[in-house]
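Trainee: Residue numbers (this note's numbering), protein chains in the order written: chain A, 1 to 269; chain B, 1 to 90.
No lab work stands behind these hints: they were computed from the structure. Note that beta-carbon positions come from the ideal geometry of N, C-alpha and C, so glycine has one too. Incorrect hints may appear among the rest.
For the chain A half of the interface with chain B, some residues (derived, Cβ under 8 Å), not all of them [as the list claims (entries may be wrong)]:
no.	residue
1	Ile-199
2	Arg-200
3	Asn-204
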Amino acid sequence: MSLFGLNGILAQFNPLAPITSEPLFTFSLWRWDVTVSNHMFMIALAAAVLIIAVPMAVRRRKGVPGGFHSLIEAVCVFLRDEVARPILGSHADRYIGFIWTVFFFILTLNLLAMVPTEKFVTLVTGKKSHWGGAATANIWVTGAMAAVSFFMIHISGIREQGLRNYIVHFIPPVPWWMMPFIYFLELISAFVRPFALAIRLFANILAGHILLATIMGLIVLFKSFSVACVSLAVVVAMSFMELFVAFLQAYIFTFLTALFISFSVAPEH
Amino acid sequence: MIEQAGTAMTAASSSASTFAIFGAVISCAVIIIGAAYGIGSIGSRAVESIARQPEAGGRIFNSMVIAAALIEGVTFFALVICMLTVVWLR
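Given these sequences and hints, build the entire structure.
Mentor: Below you can see the structure in the form of structure tokens.
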């Protein structure tokens, strides 16, 4: 069965290709050469989707909002009423834009990872291309988002309480001889928490894609039709699990960022 | 195929990094035991408390999901260290 002469063109792909960072093209910027990788392209694609599609969807031309508008509005209202208002209280309206941005960006990146963009481009152009992949399966991407959360947490805390008060508020209410150790622990936890945010998102998405790649790779290992049927069914089931993990990890990242912002902006003691 | 695996095993057991890979794989299994016990205990208590008070089911489910994701975060942190052990030995 020949598909416009493209027989077996997708079989040359390494199943782990979406989670590896492949260079696409290089352009020079003043003195430096900037190499654009497929994960950088996915970040740009997610940003373009969010900047173009979401304002177009929520622009209200008729009286009653349509399907996609209601979806975005339901998610935003859920994040404001169930996540931001209970955790941040009166500060919720200042940080709700950041919380919405974090959630939608991570969700879009996670969902775009399940779309085999590079396979579509290969089928169209006929050459093996890497224009696609799982950006959140890259520790640098999730590390950058955790760094943004880190700066947001501490800069909002400093702006809210003043620099001296903010450093002083790390001091926990314990007897004076225990204070240096616990203060040191609080300082470390200020760095470990965003690092755990990055690792949690990175490892969840990476593990899901490695699992899908391994089960698909069993077809190449056994080269039998019955193995291909079972493997395909298992991959479909695991892909549903991956879609759930995409939503869950975006929600967890957003919730924990809101929680840490509330710790620094409105300290509970 | 079995004698190929046998020669591969005798060839590999002469290098010290085999024990490091063995340690990484065994520790991966132990990590999963701890995580499965923790998340299973959370799930069972959440289901019990929903059975006691069904109208609080939504809030209990939210708390369960958040606690399970936090435990899973720590698990993946340890699993990444296991994976890095194997990668650094190549």
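Trainee: Min Cβ distance, Asn-204 (chain A) to chain B: is it shorter than 8 Å?
Mentor: Asn-204 (chain A) check passes; min Cβ-Cβ to chain B is 6 Å, inside 8 Å.
Trainee: The hint names Arg-200 (chain A) as touching chain B; please verify it with the least Cβ-Cβ distance against 8 Å.
Mentor: For Arg-200 (chain A), the interface hint holds, since the closest Cβ of chain B sits about 3 Å away, which is under 8 Å.
Trainee: Given a cut of 8 Å on the nearest C-beta pair, is the interface hint for Ile-199 (chain A) held or broken against chain B?
Mentor: With Cβ-Cβ at 5 Å, under 8 Å, it holds.
This entry satisfies every hint, going by the numbered hints stated previously.
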